[in-house]
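For the protein sequence lines, the chains are A, B, C and D, in the order given. If you use this note's numbering, the first sequence corresponds to residues 32 to 316, in order. If you use this note's numbering, the second sequence corresponds to residues 32 to 316, in order. If you use this note's numbering, the third sequence corresponds to residues 32 to 316, in order. If you use this note's numbering, the fourth sequence corresponds to residues 32 to 316, in order.
Among the clues, some could well be false.
To be verified - Computed list of lysine-lysine pairs in DSBU-like fashion (alpha-carbon distance at most 35 angstroms, straight line):
| # | chain 1 | residue 1 | chain 2 | residue 2 |
| --- | --- | --- | --- | --- |
| 1 | A | LYS232 | B | LYS232 |
| 2 | C | LYS186 | C | LYS118 |
| 3 | B | LYS282 | A | LYS282 |
None of these hints come from the bench; they were simulated from the model.
Below, each chain spelled out in residue letters.
Number of protein chains: 4
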Amino acid sequence: MSNSAILLIHCPDQPGLVAQVTEFVHRNRGNIINLDQHVDRHVGQFFMRIEWDLDNFLIPPDKISDYFETLIGKAYGMEWQLHFTEKRPRMAIFVSKASHCLYDLLQRHGTGEFDCDITAIVSNHRQLEYIAERFDIPFHHIPINRENKTEQEEKTTALLRELNTDFIVLARYMQVLSDAFCRTWSYRVINIHHSFLPAFKGARPYERAFERGVKLIGATSHYVTADLDEGPIIAQSVEPVSHHHTVDDLKRIGKDVEKRVLSQAVYLQLRHLVLPFGNRTIIFN
Amino acid sequence: MSNSAILLIHCPDQPGLVAQVTEFVHRNRGNIINLDQHVDRHVGQFFMRIEWDLDNFLIPPDKISDYFETLIGKAYGMEWQLHFTEKRPRMAIFVSKASHCLYDLLQRHGTGEFDCDITAIVSNHRQLEYIAERFDIPFHHIPINRENKTEQEEKTTALLRELNTDFIVLARYMQVLSDAFCRTWSYRVINIHHSFLPAFKGARPYERAFERGVKLIGATSHYVTADLDEGPIIAQSVEPVSHHHTVDDLKRIGKDVEKRVLSQAVYLQLRHLVLPFGNRTIIFN
Amino acid sequence: MSNSAILLIHCPDQPGLVAQVTEFVHRNRGNIINLDQHVDRHVGQFFMRIEWDLDNFLIPPDKISDYFETLIGKAYGMEWQLHFTEKRPRMAIFVSKASHCLYDLLQRHGTGEFDCDITAIVSNHRQLEYIAERFDIPFHHIPINRENKTEQEEKTTALLRELNTDFIVLARYMQVLSDAFCRTWSYRVINIHHSFLPAFKGARPYERAFERGVKLIGATSHYVTADLDEGPIIAQSVEPVSHHHTVDDLKRIGKDVEKRVLSQAVYLQLRHLVLPFGNRTIIFN
Amino acid sequence: MSNSAILLIHCPDQPGLVAQVTEFVHRNRGNIINLDQHVDRHVGQFFMRIEWDLDNFLIPPDKISDYFETLIGKAYGMEWQLHFTEKRPRMAIFVSKASHCLYDLLQRHGTGEFDCDITAIVSNHRQLEYIAERFDIPFHHIPINRENKTEQEEKTTALLRELNTDFIVLARYMQVLSDAFCRTWSYRVINIHHSFLPAFKGARPYERAFERGVKLIGATSHYVTADLDEGPIIAQSVEPVSHHHTVDDLKRIGKDVEKRVLSQAVYLQLRHLVLPFGNRTIIFN
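Pulled out of the complex, with its shape left as it was, chain A reads as follows (with noise of 0.2 angstroms):
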């Protein structure tokens, strides 16, 4: 497969973006594959993903975001994001005691549906050691309390970074993160919530969700910021449930829900295909 520039986009809208941007593209050689864009009126916002083949591109691929800023980013006040399809994305997981969606993740690497390397995975417990060993993953067992917090997540950065690690998937990791190491990560650390937020935030989603006598059950997958579970939203589904179900049941089909939607998310992140603003998320075809 040929090497292919994605080009993520933001700024404030005005006439003429949409023309200027597959111009430059255009003029220097580069053919489309894709290209959406979105205007929220709302805020008055425009957001684009573009992608072009490189092949005839005369703009070598190092020098493109300079050319970009200069030629185009700059008048139009862009934040931008360059991203190559040759270059394979690095991901940490990060795990407590729920193995579900870690051998889900594992599996989708396995089969090669998820094209990325996998640099880590950390865990505050060793109960899912044995399962990265299955794949030949490496564990970190790092064990976080109220004391050695702030000491373990700089350990944990130290790490990833060393490893470099693009993002960071919790999949199903019981400690709240720090403001700090969220800070550090924004936007690179994706969770998920076992409910469909914003109902049952916190804690015991299922129990209450079995108290409430809901019909639907469902999960969340988002962007960690510091306010817990209000992160920008990248994928949610349900599934219904009935009288007959007891919380275990919901815990049970929860977690195919869960799977799926931290999956689903991993995926869109992988193609560069979600685009945080704000509280809310773009996500391109």
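Using the hints provided, position chains B, C and D relative to the given structure of chain A.
Using the frame of chain A, we list chains B, C and D on its own:
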């Protein structure tokens, strides 16, 4: 169609309940058409719905209540309701200005999907009177404000009683019912809330869903209790949404979910398939 | 609401298409409101929908076609349609005896969800005439049998043309249209088939779904072509069913899916969001 | 967890069936945990699943079959199966080269969601042997071609019998089983077909779904019979797709549906919740 009897039962769980009830029907030559039972171990309660053909049943319909209570109900501390399928339920509809749920109910009534009588359309506004006229249903304009609420609700109850109304459907009726009215019509008022409860309780759910950036919107039908949006849930459904959708789009998409979820609750109610218990509902097959 | 232009384009894929079209709009002071494009590499085709505000557009609306064809369309071998949002589409509805889809369409029209004119309700039976009267839409009884089919279809086409009808919706119309009629109204007749195509093509889909013991039933809206039930699919949806459901239950549940799926297709058609190509459809955002 | 008995019954519908069976359990001091029954009026058949606690049951487990047949089964012409919850079902898995369903089954087994023993993984290829090793499940390479099919199937049956295998799961096993094998394991082989049956029976369903331009793809789990893809359906599900998706995307999205639908069937089988009758299945609560 021949007449059949439907018993909805609940009581503390104890051995022999199914055997006793089915034996009561069988011994008196009733042919069981449907039977569904549920035991909620969490609260130690037994729930049952049984429907049997009355063609050869030895006990005359007007004596079944007496016999059942004397022979079984009393001994097991049962609470139960008896319905006959030949008796068409009588439903009133409350509306304000939004027409989509009203149209949907009238259409299902008109095509025979809802086997019931509509005793009245009641509204605090006159905007939808023309729809009532189109469908030849009596329309009652009963304006309500802070001062006249008690009086107008009592007038409404008197009217509905005179019309032998069994239950009320709030088809996007934008008034909060008083505690007194809720008690009078306990478990006999079905509301549609335009969100996936318990998310976005209260006012402006679509606006708040938009602001939160959710990826699914929903609707919830439930029995009305004195606690706003806290009554037992009958049905819920959701539809996917994306960053492309404005608040107006959410409202448009939401209307479809509202119609579907409200009509599903009405259908279940008409067939005596719902048994509320505390804050939950048993939905029989 | 101000007037805007919508271009639906397809042509063989080639470099610079997006740049050319957006530049055409931008250079003439059109402000792009929506842009969605798609490249189908399988068939080497490019598809695009672009909508722009006409307020400051330098080319007068009645000249846009000429200019676009001369400056761009011809050079790239494009097939394209131009629509203006201020022109309300004009739709005819064909029915037989089943009322649920008709009611649903009329209700959405009545509440403003469908921004269009309904030119006529045409039927080979008189059963639903009263509904047309309720909603004040002209009803035309045009009975069709084997002998008079050609003549009656020609009469229908003449009538619809006189009424400036843009497209036709078959709302459970139980007649097979002739090849000639299909050609005349090519890609302008939308049908609802009461199964999840290609499963259960042809007659009695619910009976056959019951016999096969499926666990989901569905409906499909599609453009009508000379090949029965083989035209390009616009929308599909399903609902879960179980062994509890009789054929009549499947029909009842199916009606809801049919209404939803047909109305979704009509909505997309009214907003010029569908582009059929061969046997497939592009559904723009 | 204490031991309980599960009876799955079907017979011609006749009065008193529920009363007789519940009375049998009750009189002998069995406490009913679950009861679900269904009457199919279309074919005049009665279906029932009843589960009761054996703690105080007067009839010893190994005598229940005799007693039930003598006292009730024979008199009503019942066909029935008796299961005990303390007996872990024993399942074999057949695979070829695709790993996603295998991983999903092993993961659910590993996390305790599937309460069963896996007796063997059987494959006509060696590609997935490493997964069997990772999960410590015996792997048997049994290559099959036109010449050795009968022989190899007999060898497989002998192996599975020796391992006391109760049922077989075809987790994307790409061999057509012989009629003889299907008869031997009648209603004990569960397959996943990668389409929404009866659409796209046979080979290459995703390619054909793409060509037909469907808007939903699906998967179907069913019991295997001698008629390919025609056996009784256990579960079905779908996912939305669009013109954006290539055949490879359909396959990727489809894998998720396949895993879910196959695992749902296995779960139902393990809990003795499925009763096939002719070409349909009763799925109990």
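Hints and how they fare:
1. Annotation: proposed proximity of LYS232 (chain A) to LYS232 (chain B) holds, straight-line Cα distance about 14 angstroms (limit 35 angstroms).
2. Pair hint LYS186 (chain C) plus LYS118 (chain C) holds up; C-alpha atoms about 26 angstroms apart against a cutoff of 35 angstroms.
3. This hinted pair checks out: LYS282 (chain B) and LYS282 (chain A) have alpha carbons roughly 32 angstroms apart, not beyond 35 angstroms.
Of the numbered hints given earlier, the model fails none.
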